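Those protein sequence lines, which keep their order, are chains A, B and C.
Residue numbers for the first sequence follow the working numbering, so the first one is 1 and each next one is one higher.
Residue numbers for the second sequence follow the working numbering, so the first one is 1 and each next one is one higher.
Residue numbers for the third sequence follow the working numbering, so the first one is 1 and each next one is one higher.
It is possible that some hints are incorrect.
[Stated by the list, open to error] Listed below are several chain A residues computed to face chain B (Cβ distance under 8 Å; list not exhaustive): (1) Glu43; (2) Ile47; (3) Val130; (4) Phe133; (5) Ser235.
These aren't lab readings, by the way, just hints derived from the structure by calculation.
Just so it is clear, the structure is predicted and the values come from calculations on it, not from any experiment.
Cβ coordinates follow ideal geometry from the N, Cα and C atoms, glycine included.
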Amino acid sequence: MASTSMEAPRKGSKILSHLALALGAVVMLLPFYWMLSTALKTEAEAIAYPIKWFPSVPQVHNFLEAWQFQPLWTRYFFNSFFVAITTVVLEVIIAAMAAYAFAKMEFFGKNLIFGLFLATMMVPGEVLLVPNFITLANFGWVDKYPALIVPWVVSVFAIFLLRQHFFQIPKELQEAAFLDGSGHIRFLFQIVLPLSRPALATVALLKFIGSWNAFLWPLLVTNSPEMRTVQNGLSSFMQEAGAHYHIWMAAATLALLPVLVIFLILQKQFYASVARSGLKG
Amino acid sequence: MRLQKGLALTLALSIAVLAGCGGTKKTETAPATTAPETKAPVEIAFWHGMDPKSAHGATLEKLVAQFNETHKDIVVKPTFQGSYADLETKLTSALAAKTPPAVVQNTDSMLTKLVTAKTVEALDIPASEKSDYAPALLTATTYGDKLYALPFNKSAIVLIYNKKMVQNPPKTWEEFNKVAKDLTKDGKAGTAVTADVYYFGNHLVQAGGAWLSADGKTAAFNSEAGVTALNYIAQQAKDGIALQTKPKEYQSDYFNQGRVGMILTTSASFAFMKPVDGSEWGAAPIYTGPKNAAVPLSGANLSIVTGLKPEQKAAAQTFALWLTGKEGTLAWATAKTGYMPVRKSALETAEWKDFVKANPVYNALGTAVQDGTVQPNIVNWQLIQNEVTTAVQKVFLGQADAKTALDEAAKKANEILAKNK
Amino acid sequence: MALRTSIARGLNLPEGATRAGWRRFWRETSLAYTLLLPALIVLGLFSFYPVLRALQLSLLDWDMISESSTFVGLANYRELLHDPLFWKAVKNTLIYIIGTVPIEIALALGVAMLLNQKLKGIGFYRLAFFLPHVTTVVAISMVWAWIYHDQYGLLNTMLGWFGIPGQKWLLDPKWTMFTIILMSVWKTLGYTAVIFLAGLQGLDKQLQEAATVDGANRWQTFRHVSWPLLSPTTFFVSITSVIGAFKVFSEIFVLYGGQPGPLREGITIVFYIYEKAWSEYRMGYASAAAYVLFFMVLAVTFFQLWYGKRRVHYD
Chain A
1 MASTSMEAPR
11 KGSKILSHLA
21 LALGAVVMLL
31 PFYWMLSTAL
41 KTEAEAIAYP
51 IKWFPSVPQV
61 HNFLEAWQFQ
71 PLWTRYFFNS
81 FFVAITTVVL
91 EVIIAAMAAY
101 AFAKMEFFGK
111 NLIFGLFLAT
121 MMVPGEVLLV
131 PNFITLANFG
141 WVDKYPALIV
151 PWVVSVFAIF
161 LLRQHFFQIP
171 KELQEAAFLD
181 GSGHIRFLFQ
191 IVLPLSRPAL
201 ATVALLKFIG
211 SWNAFLWPLL
221 VTNSPEMRTV
231 QNGLSSFMQE
241 AGAHYHIWMA
251 AATLALLPVL
261 VIFLILQKQF
271 YASVARSGLK
281 G
Chain B
1 MRLQKGLALT
11 LALSIAVLAG
21 CGGTKKTETA
31 PATTAPETKA
41 PVEIAFWHGM
51 DPKSAHGATL
61 EKLVAQFNET
71 HKDIVVKPTF
81 QGSYADLETK
91 LTSALAAKTP
101 PAVVQNTDSM
111 LTKLVTAKTV
121 EALDIPASEK
131 SDYAPALLTA
141 TTYGDKLYAL
151 PFNKSAIVLI
161 YNKKMVQNPP
171 KTWEEFNKVA
181 KDLTKDGKAG
191 TAVTADVYYF
201 GNHLVQAGGA
211 WLSADGKTAA
221 FNSEAGVTAL
231 NYIAQQAKDG
241 IALQTKPKEY
251 QSDYFNQGRV
261 GMILTTSASF
271 AFMKPVDGSE
281 WGAAPIYTGP
291 KNAAVPLSGA
301 NLSIVTGLKP
311 EQKAAAQTFA
321 LWLTGKEGTL
331 AWATAKTGYM
341 PVRKSALETA
351 EWKDFVKANP
361 VYNALGTAVQ
371 DGTVQPNIVN
381 WQLIQNEVTT
391 AVQKVFLGQA
401 DAKTALDEAA
411 KKANEILAKN
421 K
Chain C
1 MALRTSIARG
11 LNLPEGATRA
21 GWRRFWRETS
31 LAYTLLLPAL
41 IVLGLFSFYP
51 VLRALQLSLL
61 DWDMISESST
71 FVGLANYREL
81 LHDPLFWKAV
91 KNTLIYIIGT
101 VPIEIALALG
111 VAMLLNQKLK
121 GIGFYRLAFF
131 LPHVTTVVAI
141 SMVWAWIYHD
151 QYGLLNTMLG
161 WFGIPGQKWL
171 LDPKWTMFTI
181 ILMSVWKTLG
191 YTAVIFLAGL
201 QGLDKQLQEA
211 ATVDGANRWQ
221 TFRHVSWPLL
231 SPTTFFVSIT
241 SVIGAFKVFS
251 EIFVLYGGQP
261 GPLREGITIV
271 FYIYEKAWSE
281 YRMGYASAAA
291 YVLFFMVLAV
301 TFFQLWYGKR
311 RVHYD
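Pulled out of the complex, with its shape left as it was, chain A reads as follows:
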């Protein structure tokens, strides 16, 4: 593995690539453009018919209004951040350990346990809501942070994805490390994890988004407004027909910003392994 593939294309194909990517990007950016432009419209423009592509005069104050509309925003942002980051950190650690065991170790019942793990992906979450809520209520976690975090710190998806990546780490690397006297734990933390940065970044990113955008669960397990999250705050703009679309979109744009920042940070990790190309594969 090691030296990461990053193709430097020829000129002709470069232009073609740009064209294809630009076209795709335009299509993909539509929802974001729609959010942003609606956030800058007046209420009349926001629901105008036929639709308006551009606001005639950008209403920047919509963002201020969106912020002031909900006095608990700071609290909501804090909760969402705290919950998302804690969940991501725990998930990555737990998933990496489990994935390593599945990918690089031989142990009793390995296939059975992995099969059980996989099987949990096949159950629709809609039927798990009530039993899990009851469990949390029995723990006395309702309206507390653990209820928002603990059920989500294990993702079989992440374990599976990391396992697939760990498989690709050459056996020779492991043999060399073990000859040097390192055991599984050291090999995992000193060699495997640094080599798997793109995969770890992907897992973290997807979890952050999942946690940040969760709506039903936080509503279910919290009672006091102070414990709710950004998505719960957002939904209260939309309770009634046609109410304040422009303000809502401004708020939704604000709520999206943290995810964009996280994406940009984690995206860097995709390249990080390039620098490590010295490691022989």
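With chain A held as given, fit chains B and C onto it using these hints.
Structure of chains B and C alone, referenced to chain A:
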């Protein structure tokens, strides 16, 4: 990779468990009632679906604060739990986990499920209080001879019109079509219709039809009245004098956008009417159908959950009676929520009459609260609603004529009703 | 005998190991379970337990809030298999899987290869492709409601350029599954592409270079080097995509405002389960349906694992 073998064992294990689980039964014990505490004010939780950011929720919070102020021995803690659908999900989970609030707001269809599951108390309120509620509202919350909820926020279907486009609001079906036809030009239309059970239902009662037979055992919506009603609304869409809403669109969106001049909607949306071109809007009573002028009602109620300590139950009832009492309902209605007073005594006060005089749109409510109609309160009503919606959509799509579609839905409805026995 | 061998294989017992080998095996086993412990605890509480509980519920007639429930044996399963609506849900779910998974994988792989180049503004492109997955569902559903609009919508406008008459996408039941599939592919494309991208980033560049030096053209390099090397990722994506597609629900819920489309033509298995549980309060029946879904997914995953075993190249 020997994953298949792992999965095979998983499969075998699941089957083994499946086989071994045969005799299990769910037995959960009721929450024990502990000795009452002394003196400290009784705390009760109240869950509702009125967004504090709207006139509805803001008014409700003010009223609860007022109640707490005047009742030193009780502390009501209100919590907004999202839309009615969110509230229902939330309440169901809390009931399953045995952590429900004391008082809960519920719609008529939600109440049916709660009553069936025996999770709300039959209310024992003084006869003088009971007779003061508008009778039509109580029929929806009475099961057998027991009352399970007090009507709280109740609205009526009214005709809302754009004053710039409509001078004299139509009073009958024919007049309505005529006005709608005149409005249909320059990309605009007379009204907006939704091909669903509610819009059909509004016209069914107006055509003199009923949902069910008098004994409640068979479907009756496939009557001549039903066919007339369905043809009336489908024809509006076919003639282009009505725009058909798409999923997630509200008639009020079309109205506010100025695309249509009139809509039928609930008075609860008064708080959200705001034509973007700035023109004024008015409200009139719903037009009269060929047979009668029955006004469909909607909205929600207050119930008290089972399993409370006696003093909590008493406090919950005090609160529910206060909020839906003469003063409470009057304050609620006159805060421009679009909801009606639910008490006869409140309707007769000078305060309400002056309010209506000052806010003429409320004239549209007329005596709706007294002689309006509600949907049947039977188990699995929502399944029958699904069948009716499908029938209505088929007719709008031109896939079936009204009689065939409604007969088919009625047949399925009768199967559902038969299973309820 | 054969059974014993396959159980031994299923439990990963080392075959013909020496005493020292066995000791090492058990030592490694205890270390492995230490690493798995946190995952086992959390999954045990929030997955295994409720899944087994659902199995028990599937044999009951229970509304999830009453004190009492009735044991009905397999009656829920029997009723389920005789409900035409359930079979319609199964059919729609299969249509959805066939309509989304292959297209999504092909497109995502293409996008990932495009994004895996040294180009100016590549970071921007990556972000752009990923945005549909990040943006809140409400914004997404509003955009698509507009794309599908029959008078002013983007789709009908574009069809108009080619002289193709517009359709009533959201009102006409014959287009319901199509509208859901198109939106889903668009929404998950960037997400799948990111997973492929992570896979591509992990590939050994030297092998590809060697192939190029040997005179292979780009297609040949892809076909004979990148594609086989990428097979663990492809394998992962196809398994998780199929499992995910079996559980399709929120896309429909969001696009059709909580309804399964006109004439209920867009009903899928999970939508069916959702309605049984949360609208009819038939928790036992919904659990039975969930188990039928579970076994269907299990069977398909089984097949994929068996097929993958012969085709996937590790290391």
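Given A/Ser235 as an interface hint, is the shortest Cβ-Cβ distance to chain B below 8 Å?
holds (7 Å)
Hint validation: A/Phe133 versus chain B, beta carbon distance must be below 8 Å. Holds or violated?
holds (4 Å)
With 8 Å as the cut and Cβ atoms as the points, is A/Ile47 at the interface with chain B?
This hint holds: A/Ile47 lies near chain B, its Cβ roughly 5 Å from the closest one there, short of 8 Å.
Given A/Glu43 as an interface hint, is its Cβ closer than 8 Å to any Cβ of chain B?
The hint holds - A/Glu43 has a Cβ within 8 Å of chain B, the shortest such distance being about 7 Å.
Does the interface hint hold: is A/Val130 within less than 8 Å of chain B, judged Cβ to Cβ?
The hint holds - A/Val130 has a Cβ within 8 Å of chain B, the shortest such distance being about 5 Å.
Hint compliance for this structure: every hint is met.
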